[in-house]
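Colleague: The residues making up each chain are set out below.
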Amino acid sequence: MQSEVMFAGFGGQGILLIAKVLAHAAMEAGFEVVWIPSYGPEMRGGTAYCMVVISDRPIGSPIIRNPGHLVAMNRPSLEKFAPVVKPGGVVLINSSLIPVRSGRSDVDECLVPANDLAMEVGNVRAANIVALAAFVSRSRILDYDLVREAVREEFAAKAKLIPLNMEAMERGRQAALAT
Amino acid sequence: MAKGKTFKRPEALRDCPTHYCPGCTHGVIHRLVAEVIDELGVRGRTVGIAPVGCAVLAYNYFNCDFQEAAHGRAPAMATGIKRVRPDLMVFTYQGDGDLASIGMGEIVHAANRGEKFTTIFVNNAIYGMTGGQMAPTTMPGQRTSTSPFGRDAAQVGMPIRVAELLASLQTPAYIARQTVIKPKYIARARKAIHKAFSYQLANRCFSLVEIVSTCPTNWGMTPLDAVEWTEKTLLAYYPPGEIKTPEAAEER
Amino acid sequence: MGKILMKGNEAIGEAAIRAGCTNYFAYPITPQSEVAEYLARRLPEVGGVFLQGESEVAVSYMIFGASACGERVFTTSSSPGISLMSEGISYIAAAQCPAVFVNIMRGGPGLGGILPSQGDYFQATKGGGHGDYRLLVLAPASVQEAAEMVMQAFSLAEKYRNPVMILGDGLIGQMMEPVAFPEHLATPPVNKDDWATNGMANRGSQRPNLVKTLYLDPEQLNAHNLTLRAKYQRMRQEEVRFEPYNTEVDYQVLIVSFGTMSRVCRTAIDNLKAQGREVAMIRPQTLFPYPEAAVREAAAKASCRVVLSVEMNMGQMVEDVERSVRGQRPVEWFGKCGGEVPTPEEVMEAVRGLLAR
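Protein sequences, first through last, are from chains A, B and C.
The first sequence maps to residues 1 to 179 in this note's numbering.
The second sequence maps to residues 180 to 431 in this note's numbering.
The third sequence maps to residues 432 to 788 in this note's numbering.
Next comes chain A alone, as it looks inside the complex:
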């Protein structure tokens, strides 16, 4: 069984980071995992996307045309990748920044105002964590507690940010389950 998650947004939104957290949690759960970033000359502000592949056997192609799921943090990302998501996948839309829908009826669309929720907990930069928690809760791709542990570990060096991020996760989880 293999699942693929495309994370996409503006550079600086922490796309690579939440992808890495998910990959890390999957590795801890005993899965095979690959984290594949887009890389290019734009360090900030350009489009950043990152694919995480999780599988119970060695992963072949790291090149995936049709991801199983999509976490879209901005509008260009949604427009670019929503059409290629496999039927039945989760399409998570950061509705704080994206005023449109995916236009797909064969996917599980999940609208989460990630930026607004992050601001409510005190820092808009936690929008990525809100989105990650929402996606994991909705897709059940991994055990939620395991992902929460991975977030904790990611911020281990900046321990004072952990409570805020835990709160961000909780908001994301509730939002995903409420819609």
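Source of the hints: derived by calculation from the structure; they are not laboratory data.
Keep in mind that the hints are not guaranteed to be accurate.
Claimed, not checked - Here are some, though not all, of the chain C residues that point toward chain A, as calculated from beta-carbon distances under 8 Å:
| id | residue |
| --- | --- |
| 1 | Leu602 |
| 2 | Ala611 |
| 3 | Thr644 |
| 4 | Asp648 |
| 5 | Asp701 |
| 6 | Val772 |
| 7 | Arg788 |
Backbone N, C-alpha and C define an ideal beta-carbon position, used for all residues, glycine too.
Add chains B and C to chain A, keeping to what the hints say.
Modeller: The following block gives chains B and C in isolation, referenced to the frame of chain A:
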């Protein structure tokens, strides 16, 4: 086997004839370097780096470990050695085509990083081994096989004063220029080489001694005329002396 | 030992340290600069040497100098940088010094692009620099394999007194996978006192060592080249490595592919199997020496109709595949470059196209 009491072959030189032309100063410079190595007692931890040029076979004459570089790259090799084995005493021995033309990037950056090795820079204003082509240090009007009508500064610029150019870097260094065309100069050159190696052994700074030299064969002169032309023409443009010392740089 | 989630580039840097090499000289170039960034922080922790050189040309000679005095040393770069280092690589091979070069390939020719490519196959396996020399070329297909190959490269370089190249691509460098560093792959450096310029007194010798590449006498130069050739022949006998995939069934098509591209092919082979078509693969793990016999034998299987070399370039390795197959089966090429890695679907399409003929 009879040898004079005061004139003995340094241990750091092998007992063999060199391939250098009559009137060439490489032999004298080799000897000075070898004498200083002996005097400092560092032959057992010395690594020399031979250039591409007439001195490529220097390792046949020196009696210590040697590496042979590609054209111009000796300072990069010396950097590699000193960084991983700072206990070794390392010198590069380079000509003007090697150092001032193809290897200009390597010498500038090694000097600027303050690499703790010593460069013996033999400047005879021409390419020797390849047969007398124009060098970056060839004098205006000087005829060579690739400047048959004399170096035209309007076309190829003025000769590069390597010592002054390197001395303009802010990083502390010992940079001197001497010559070996007459006995009175030889003692000064020897002293400069001694200082340069001593700075290295004290782990103090990059050091370079430029030695203004002759090439009677490619200049088309007799050895005596070559000495006279060196003194009159080359030394006027490349004046001997200490151009930079680490002490002066630190005082500023 | 637990696995760590690491970028390929970082794993390469860490693997070298674990293998006992703490000397690194490099020049920044995308997509491998993370190696230098990682080691700039990590090497001081282990008392190692990190130096950013002024150019790839200079770096290749820093490697030469350090290697020639007997120390383990390595560098990493990407395609245009390897072109610049190729001068030094020729000298290092000629001087028979051990050193490790990692090429995280990007698209070419010229500046090309910064996305993954396998366009330097010829450069790595057929020369790059001047003269008759060969590199031992290892081609990893995962972050784990990249780490293991880097760890093995140092002892291979010392075994043959020859530069070893790890030929990866932008994806291997940029992607993260779980990685472990098997301790048994770290071997202590061999004694190099018989040739290294490490100071006569330090090795208790009266005889200077000389590291050189100039042989003006034609007989001597010929003899020197014969010595090198004998070494490359020994590599051909002792170091060939490859991985077969799905070769135990009756397949109609044999794919030959290495590195990242081989993973895409593996997925294509799995998908084709599900559709009832059998395709096998030989994945060379050494590109020099090339697994000629393995490719030839796999191609010779009675059920095999055609051999397909799949590469992220315009057809380079296919020449070695043709050489290996020796005309027993038709050999075709499929590939793409510019950074667009062919998808499994495209590989499947290419296979179906061959079978429809």
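Colleague: Let me know if the C-beta of C/Asp701 comes in closer than 8 Å to any C-beta of chain A, holds or violated.
Modeller: holds (7 Å)
Colleague: May I ask you to test the interface hint for C/Thr644 with respect to chain A, counting a Cβ-Cβ separation under 8 Å as satisfied?
Modeller: Hint violated; C/Thr644 Cβ to chain A Cβ min 38 Å, cut 8 Å.
Colleague: Hold the hint about C/Ala611 up to the distance rule: shortest CB distance to chain A must be less than 8 Å.
Modeller: Check failed: Cβ of C/Ala611 comes no nearer than 11 Å to chain A, outside 8 Å.
Colleague: Is the interface hint satisfied for C/Asp648? The criterion is a beta-carbon contact with chain A at less than 8 Å.
Modeller: violated (51 Å)
Colleague: Hold the hint about C/Leu602 up to the distance rule: shortest CB distance to chain A must be less than 8 Å.
Modeller: Interface hint status for C/Leu602: holds (6 Å vs cutoff 8 Å).
Colleague: Does C/Arg788 meet its interface restraint, that is, does its C-beta lie within less than 8 Å of any C-beta in chain A?
Modeller: violated (25 Å)
Colleague: Let me know if the C-beta of C/Val772 comes in closer than 8 Å to any C-beta of chain A, holds or violated.
Modeller: With Cβ-Cβ at 5 Å, under 8 Å, it holds.
Checked against the numbered hints listed earlier, the structure breaks hints 2, 3, 4 and 7; every other hint is satisfied.
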